[in-house]
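Line by line, the protein sequences give chains A and B.
The first sequence begins at 1 in our numbering and counts up one residue at a time.
The second sequence begins at 1001 in our numbering and counts up one residue at a time.
Derived by calculation from the structure, the hints in this document are not laboratory data.
No experiment lies behind these values; they were computed from the predicted model shown.
Beta carbons are placed, not taken as given, at the ideal position from N, Cα and C, and that holds for glycine.
Keep in mind that a hint or two might mislead.
As the list claims (entries may be wrong) - Not close to chain B: a few residues of chain A, all C-beta gaps over 10 Å, as computed: (1) Val-12; (2) Lys-15; (3) Ser-62; (4) Asp-63; (5) Gln-80; (6) Gln-84; (7) Pro-103; (8) Thr-117.
Stated by the list, open to error - Some, not all, of what chain A presents toward chain B, calculated at C-beta under 7 Å: (9) Phe-45; (10) Glu-85; (11) Ala-88; (12) Leu-91; (13) Phe-108.
As the list claims (entries may be wrong) - Derived lysine-lysine pairs resembling BS3-like cross-links, with alpha carbons at most 30 Å apart: (14) Lys-11(A) - Lys-1042(B); (15) Lys-1068(B) - Lys-1057(B); (16) Lys-1059(B) - Lys-1079(B); (17) Lys-1042(B) - Lys-1059(B); (18) Lys-1063(B) - Lys-57(A); (19) Lys-1063(B) - Lys-1042(B); (20) Lys-1057(B) - Lys-1069(B); (21) Lys-57(A) - Lys-15(A); (22) Lys-1069(B) - Lys-1079(B); (23) Lys-1042(B) - Lys-1079(B); (24) Lys-1057(B) - Lys-15(A); (25) Lys-17(A) - Lys-1042(B).
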Amino acid sequence: GAGVSQSPSNKVTEKGKDVELRCDPISGHTALYWYRQSLGQGLEFLIYFQGNSAPDKSGLPSDRFSAERTGGSVSTLTIQRTQQEDSAVYLCASSLALIAGGPYEQYFGPGTRLTVT
Amino acid sequence: EDQVTQSPEALRLQEGESSSLNCSYTVSGLRGLFWYRQDPGKGPEFLFTLYSAGEEKEKERLKATLTKKESFLHITAPKPEDSATYLCAVPSGSRLTFGEGTQLTVNP
Chain A
1 GAGVSQSPSN
11 KVTEKGKDVE
21 LRCDPISGHT
31 ALYWYRQSLG
41 QGLEFLIYFQ
51 GNSAPDKSGL
61 PSDRFSAERT
71 GGSVSTLTIQ
81 RTQQEDSAVY
91 LCASSLALIA
101 GGPYEQYFGP
111 GTRLTVT
Chain B
1001 EDQVTQSPEA
1011 LRLQEGESSS
1021 LNCSYTVSGL
1031 RGLFWYRQDP
1041 GKGPEFLFTL
1051 YSAGEEKEKE
1061 RLKATLTKKE
1071 SFLHITAPKP
1081 EDSATYLCAV
1091 PSGSRLTFGE
1101 GTQLTVNP
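One chain only, chain A, in its complex shape (with noise of 0.2 Å):
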């Protein structure tokens, strides 16, 4: 079946401008997660989200970060006023809902490349 989706693939902006980047989750999969892999560094959690209940925002590392994600499905995370130490790789993941006694697996997407000149 289909994966995780990102998009765009690549993505060039200019210092203080916004971005917008987007995940496609596996359907059927109610938890989507957001990460950024710095060159040279190991991936860093950004924010979850589990069906209906609040996301657990407490990776996001300024308030230029947000995140939504709309009727349970994509996602879409925005950088306000980009700056030159936001440039990574944004990686999207899914899995099915989190329960008591063992987490699920989660699947990544591809990640978008974000370069801030």
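Position chain B against the provided structure of chain A, taking the given hints into account.
Just chain B, lined up with the frame of chain A:
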């Protein structure tokens, strides 16, 4: 705070030369450990989930094992197509905490 440390950072093998990658973790209560493979320019690809010490999982030339302090990814008779970065991760609440990965290169 949960922590995951992977070693070595990079590993070069000759085709057919078996070896192991290490993932050490410190967590408040282990609820599982995940292994992923990441190719350049792509997102991580799920390989295995291990839930309890003593558990083992196998897939082709890869075998993952888990103890109370660490996990190993054993690669038997690797091929050049096994070249990738291998990541391990533990669940921390709703997120995964990842190690920084081992970059494996298998030369023909």
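Here is what the structure says about each hint:
No beta-carbon of chain B comes within 10 Å of the beta-carbon of Val-12(A); the shortest separation is about 16 Å. Here Lys-15(A) stays apart from chain B, with its beta-carbon at least about 24 Å from theirs, past the 10 Å limit. No beta-carbon of chain B is positioned within 10 Å of the beta-carbon of Ser-62(A); the least distance is around 18 Å. With 10 Å as the threshold on Cβ separation, the claim that Asp-63(A) sits away from chain B holds: the shortest Cβ distance comes to roughly 20 Å.
With a least beta-carbon separation of about 23 Å from chain B, Gln-80(A) lies farther than 10 Å from that chain, consistent with its non-interface assignment. Every beta carbon of chain B lies more than 10 Å from that of Gln-84(A), the smallest distance being close to 21 Å; the non-interface claim holds. Its beta-carbon lying about 4 Å from the closest one in chain B, Pro-103(A) breaks the requirement of being farther than 10 Å from that chain. The claim that Thr-117(A) lies off the interface holds: its Cβ sits roughly 20 Å from the closest Cβ of chain B, which is beyond the 10 Å cut-off.
The interface hint given for Phe-45(A) holds, since its Cβ lies 4 Å from the closest Cβ of chain B, which is under the 7 Å cut-off. Taking 7 Å as the C-beta cut-off, the interface hint given for Glu-85(A) is violated, the closest approach to chain B being about 19 Å. Using the Cβ-Cβ criterion of 7 Å, the hint placing Ala-88(A) at the interface with chain B is not satisfied: the shortest such distance is roughly 13 Å. Checking Leu-91(A) against chain B: minimum C-beta separation of about 5 Å stays under 7 Å; hint holds.
Taken as an interface hint, Phe-108(A) checks out: its beta carbon lies about 3 Å from the nearest beta carbon of chain B, inside 7 Å. Between the alpha carbons of Lys-11(A) and Lys-1042(B) the distance comes to roughly 15 Å, so the proposed pair stays at or under 30 Å and holds. A distance of roughly 16 Å separates the Cα atoms of Lys-1068(B) and Lys-1057(B); the hinted pair therefore holds under the 30 Å criterion. Between the alpha carbons of Lys-1059(B) and Lys-1079(B) the distance comes to roughly 14 Å, so the proposed pair stays at or under 30 Å and holds.
Taken as a hint, the Lys-1042(B) and Lys-1059(B) pair is honoured in the structure, with Cα atoms around 20 Å apart against an allowance of 30 Å. About 35 Å separates the Cα atoms of Lys-1063(B) and Lys-57(A), which puts this hinted pair outside 30 Å; it is violated. Among the hinted pairs, Lys-1063(B) with Lys-1042(B) is consistent with the structure: their alpha-carbon atoms are about 23 Å apart, no more than 30 Å. At roughly 17 Å between alpha-carbon atoms, Lys-1057(B) and Lys-1069(B) fall within 30 Å of each other, so this suggested pair holds.
For the proposed pair Lys-57(A) and Lys-15(A), the alpha carbon gap of about 24 Å is at most 30 Å, so the pair holds. A distance of roughly 29 Å separates the Cα atoms of Lys-1069(B) and Lys-1079(B); the hinted pair therefore holds under the 30 Å criterion. For the hint linking Lys-1042(B) to Lys-1079(B), the alpha-carbon distance of about 20 Å falls within 30 Å, and the restraint holds. Taking the CA atoms of Lys-1057(B) and Lys-15(A), the gap is near 46 Å; set against the 30 Å cutoff, the hint is violated.
With a CA separation close to 26 Å, the supplied pair Lys-17(A) and Lys-1042(B) stays within the 30 Å bound.
Hint compliance for this structure: hints 7, 10, 11, 18 and 24 are not met, and every other hint is.
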